[in-house]
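**Student:** Here the structure of chain C is known, so what remains is to put chain G in place on it, guided by the hints.
Here's the letter readout for the chains.
Protein chains: 2
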Amino acid sequence: MFELNDIRTVSLVGTGNVATHLARALLKAQVRLLDVYSPHRAHVVEFARAFGCNPVSSLQDLTTDVDLVLLCVPDDQVSKAGTALSPGRAIVAHTSGIVGLDRLKPVGTKTGVFYPLQTFSKKRAVDFSAVPMCIESHDPETFDKLTQLAYKISNNVVAISSSERELLHLTAVMVNNFTNVLYSMANDILNEHKLNFDLLLPLIQETAAKVAEMSPTEAQTGPARRNDSLTLTRHRELLNRFPHYQEIYDLITKHIIKTYHE
Amino acid sequence: MFELNDIRTVSLVGTGNVATHLARALLKAQVRLLDVYSPHRAHVVEFARAFGCNPVSSLQDLTTDVDLVLLCVPDDQVSKAGTALSPGRAIVAHTSGIVGLDRLKPVGTKTGVFYPLQTFSKKRAVDFSAVPMCIESHDPETFDKLTQLAYKISNNVVAISSSERELLHLTAVMVNNFTNVLYSMANDILNEHKLNFDLLLPLIQETAAKVAEMSPTEAQTGPARRNDSLTLTRHRELLNRFPHYQEIYDLITKHIIKTYHE
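If you read the sequences in order, they're chains C and G. Counting from 338, one number per residue, gives the positions in the first sequence under this note's numbering. Counting from 338, one number per residue, gives the positions in the second sequence under this note's numbering.
Same chains, same names: a pair is fine if it fits in one copy or spans any two.
With a Cα cut of at most 27 Å, we get these calculated DSSO-like pairs of lysine-lysine: (1) 595 x 459; (2) 442 x 417; (3) 365 x 459; (4) 595 x 460; (5) 460 x 365; (6) 365 x 447; (7) 365 x 489.
Note that these hints are calculated values from the structure, not bench results. Computed from a predicted model, the values in this text were never measured in an experiment.
So that you can see chain C by itself, here it is in the shape it has in the complex:
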């Protein structure tokens, strides 16, 4: 497909995990990265070297001759970064799961959201092809351009409004951050008894794989699901040395029993 006016050049604000992973994916899709800015001077230089783009020392120094400025900054700085820009002809889009599009209103109409629904760590490469790219804009042309760009890096592009996006973000926190807390609890308990956390990895993978095939309600098993009070009592005893974990154990167990037995 030959599009005369699709997004071919991007500048980035921010050099964290989201900026790093998006930069890698955009380069792979043959999008040109022009400038990069962040208040952390050392990070900017390192990032610019890694991705062959131009480090600039203030938001005002970003070139105005670019198709898109992507804001990859902390949630509470989206608004400030947006209004400090002189975007010229560029679209300005943020990449946050929780910040409303209206926070970019002062920037003009060519604004949008380009939110990858995934967890990123410096250490680990991510296959973008399946990552849901959540796109939003009130300007139809901007929406189309951001959608086209998203399809260059992912097969999973969806139109998501600001109010939908914050619900996705909330649930993403549950299935990612909170699930990881459960992994941490298990890790701590096993370590204390010199047992290897890796023993749980096949179960962890299978738990995640299962809900791609059946609903979480169908997939629910275990002592609380069966209301097996002997096992629940024994588990609580085992947690006596971890009172915070016992509290979390109790609350989730109570919730499962209420859901399936009341």
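**Tutor:** Coordinates of chain G only, in the frame set by chain C:
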């Protein structure tokens, strides 16, 4: 390897998920299944037909000419089933994560545990090759035989004592049953707003894959990890219509903040 006295014949007590998946794996490893018993007569007949073994109508009818009787019964019935058997020359092993080996003491010395650390559903095939098979016996010969049998179906065989096994079971409940509760919560919230749970699947898979490469502590991210109070407040508002979920959200969030910021 040619072993004259390894386990070649198995009878099963129970016809649930564990029995079904173990039967499938044992047959694949060319172990012969002789008898099957369960108090649910219809299940026994169906199971026997599916796996080409012999349905019997009481524990006493199980043949005594078998190498191993595997108890795949609910946790609270292991002891009763064990003592009701006339095992003859057979080893008797249970498959429970939480029941101590000592519960089989009345059966004799040729007793053990053969516990697959995995979640099983009728609907979904499981690749046994990576499933940790947790083996225990006080009798060295029985231990060796159960270990050899486990290696026929898995590459991941470990000696695990009763006190270690109950800790593994507790942590398995956390990373499997409790994680699945978080998936359910996310599913409910998204459904209520006509958003597709499948949007979270890449994140769910990545969350599970990440802890194979880094510790859960390193993998922890998100608003509570950053103590981002604006986002936390907004999430709590979004949960106003789900008070039980709000309670779980609050407790886990408090725990993350305490862990990383106090």
